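Assemble the complex: chain A is given as a structure, and chain B must be docked to it using the hints.
There are 2 protein chains.
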Amino acid sequence: MFLCDIGNTSYHFLKDDVDYKEDVNKFNPSCIDEIVYYISVNQNIYKKLEKLDNWIDISTKIDKTAYYDTMGIDRILACESIQDGVIIDAGSAVTIDVVNNGTFEGGFIYPGVKAMLDTYKNISPALNYEFNFDLNLDTLPKNSKDSISYAYLKLIYTEVMSLNKPIFLTGGDSFKFAKIFKNAKVDKNLIFCAMLKYI
Amino acid sequence: MFLCDIGNTSYHFLKDDVDYKEDVNKFNPSCIDEIVYYISVNQNIYKKLEKLDNWIDISTKIDKTAYYDTMGIDRILACESIQDGVIIDAGSAVTIDVVNNGTFEGGFIYPGVKAMLDTYKNISPALNYEFNFDLNLDTLPKNSKDSISYAYLKLIYTEVMSLNKPIFLTGGDSFKFAKIFKNAKVDKNLIFCAMLKYI
Chain A
1 MFLCDIGNTS YHFLKDDVDY KEDVNKFNPS CIDEIVYYIS VNQNIYKKLE KLDNWIDIST
61 KIDKTAYYDT MGIDRILACE SIQDGVIIDA GSAVTIDVVN NGTFEGGFIY PGVKAMLDTY
121 KNISPALNYE FNFDLNLDTL PKNSKDSISY AYLKLIYTEV MSLNKPIFLT GGDSFKFAKI
181 FKNAKVDKNL IFCAMLKYI
Chain B
1 MFLCDIGNTS YHFLKDDVDY KEDVNKFNPS CIDEIVYYIS VNQNIYKKLE KLDNWIDIST
61 KIDKTAYYDT MGIDRILACE SIQDGVIIDA GSAVTIDVVN NGTFEGGFIY PGVKAMLDTY
121 KNISPALNYE FNFDLNLDTL PKNSKDSISY AYLKLIYTEV MSLNKPIFLT GGDSFKFAKI
181 FKNAKVDKNL IFCAMLKYI
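Just so you know, the sequences run in chain order A and B. Quick note on numbering: our numbering labels position 156 of the first sequence as 156, and the sequence is numbered without any gaps. Quick note on numbering: our numbering labels position 195 of the second sequence as 195, and the sequence is numbered without any gaps.
FYI, nobody ran anything at the bench for these hints, they're computed from the structure. Please read all numbers here as calculations on a predicted model, not as lab measurements. The reader is advised that the hints may include incorrect statements.
No copy labels: a pair is met if it fits in one copy or bridges any two.
Calculated lysine-lysine pairs in the DSSO-like style (CA-CA distance at most 30 Å, straight line) [what the hints assert, rightly or not]: (1) 114 <-> 142; (2) 182 <-> 142; (3) 51 <-> 121; (4) 114 <-> 176; (5) 145 <-> 48; (6) 121 <-> 64; (7) 61 <-> 145; (8) 51 <-> 182; (9) 64 <-> 145; (10) 121 <-> 176; (11) 21 <-> 47; (12) 145 <-> 47; (13) 61 <-> 51; (14) 145 <-> 176; (15) 15 <-> 64; (16) 64 <-> 47; (17) 47 <-> 61; (18) 121 <-> 145; (19) 61 <-> 197; (20) 121 <-> 179; (21) 26 <-> 165; (22) 188 <-> 142; (23) 64 <-> 142; (24) 197 <-> 142; (25) 26 <-> 121; (26) 188 <-> 47; (27) 26 <-> 15.
If we strip away everything but chain A, and leave its shape as in the complex, we get (with noise of 0.2 Å):
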């Protein structure tokens, strides 16, 4: 049995303990014969997978009417399997969202370290770095490097931390945002765990 959480950009499946990603452009997913049990917030790829028989979507057994109609699946998984607190899942796009006594109170959508990289280098030329994860966000800075970090990293630490609920980190990116967010629980499987519980 795999599990599967597709994305934007990525397939991420989990299987035997052990998870792996395969590029949604490139990837086959007629080559897998047993059962997988996925969800999905890229529609072309759905459209797809409902074609074969073995990939068994599992957003359909969930209760989503506490959510909005948009809402991405993985997203309302990620709400539905903690009780209180703020859920960062950081992938291509950095969703936030927050649960308060089992209700899902609101969220919002930030883009991913890659996405706002490219926005940062297509800007302008002189923007072209990486982030500083080890910034200090108590010091308005003084150089390209950081001032592009700080507008990424401070203006969302601050909101999350104004929240002021227990922190549960996921995503591909959930070990860098770790660094900014010290006291947050990491779950890289989060969404694997709450998909778990509809199987």
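Coordinates of chain B only, in the frame set by chain A:
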């Protein structure tokens, strides 16, 4: 006499109290015979203009020792134009700079409106929206359009307000941001006013 503030995407001219823009990729600077006093953060354009006698770079007249090496000359000029406050220059990038009793305290660089909208659209077609500048920033959103608007606007709002200083708004998108920063002083020509002091 023309004044010109050259950014990453456009030449911004002021001539006889009328300001207008020309695309950096299309405009030919040698078509102007009159004197043009200019600043440029665009290195490619800067190299062209050095060869034209009637284009006079006023950045050479400014004492930059209080700033950092790679800081844009437009930001430096804006800082030189105030004694105390936060300057938000909302163009292709949104630069936020803090001046405290005439001294530059540091700043950061956030993507501009268009750059950030493109970023979301490129992450997923499901995030292809305009920002809602009328959003209530006190409530966590429960729809996709507001989820990206909140991320873009609330985070910068909180950071700027935490600085607890008078706010000066300039740049092409200053009127959009004025909806968020309701007490800001909006001056689209802040940079031009600062330039005039050096002529």
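Status of the hints after comparison with the structure:
no.: 1; hint: 114 <-> 142; in the structure: both (23 Å within a copy, 25 Å between copies)
no.: 2; hint: 182 <-> 142; in the structure: both (24 Å within a copy, 27 Å between copies)
no.: 3; hint: 51 <-> 121; in the structure: between (40 Å within a copy, 28 Å between copies)
no.: 4; hint: 114 <-> 176; in the structure: both (12 Å within a copy, 27 Å between copies)
no.: 5; hint: 145 <-> 48; in the structure: between (42 Å within a copy, 27 Å between copies)
no.: 6; hint: 121 <-> 64; in the structure: between (38 Å within a copy, 25 Å between copies)
no.: 7; hint: 61 <-> 145; in the structure: between (45 Å within a copy, 26 Å between copies)
no.: 8; hint: 51 <-> 182; in the structure: neither (43 Å within a copy, 53 Å between copies)
no.: 9; hint: 64 <-> 145; in the structure: between (41 Å within a copy, 19 Å between copies)
no.: 10; hint: 121 <-> 176; in the structure: both (20 Å within a copy, 24 Å between copies)
no.: 11; hint: 21 <-> 47; in the structure: within (20 Å within a copy, 45 Å between copies)
no.: 12; hint: 145 <-> 47; in the structure: between (41 Å within a copy, 24 Å between copies)
no.: 13; hint: 61 <-> 51; in the structure: within (18 Å within a copy, 68 Å between copies)
no.: 14; hint: 145 <-> 176; in the structure: both (16 Å within a copy, 27 Å between copies)
no.: 15; hint: 15 <-> 64; in the structure: within (27 Å within a copy, 58 Å between copies)
no.: 16; hint: 64 <-> 47; in the structure: within (20 Å within a copy, 57 Å between copies)
no.: 17; hint: 47 <-> 61; in the structure: within (18 Å within a copy, 62 Å between copies)
no.: 18; hint: 121 <-> 145; in the structure: both (11 Å within a copy, 25 Å between copies)
no.: 19; hint: 61 <-> 197; in the structure: within (10 Å within a copy, 67 Å between copies)
no.: 20; hint: 121 <-> 179; in the structure: both (23 Å within a copy, 28 Å between copies)
no.: 21; hint: 26 <-> 165; in the structure: neither (39 Å within a copy, 51 Å between copies)
no.: 22; hint: 188 <-> 142; in the structure: between (34 Å within a copy, 25 Å between copies)
no.: 23; hint: 64 <-> 142; in the structure: between (46 Å within a copy, 13 Å between copies)
no.: 24; hint: 197 <-> 142; in the structure: between (48 Å within a copy, 25 Å between copies)
no.: 25; hint: 26 <-> 121; in the structure: both (26 Å within a copy, 21 Å between copies)
no.: 26; hint: 188 <-> 47; in the structure: within (27 Å within a copy, 48 Å between copies)
no.: 27; hint: 26 <-> 15; in the structure: within (19 Å within a copy, 54 Å between copies)
Violated hints, listed in ascending order, are 8 and 21; each of the other numbered hints is respected by the structure.
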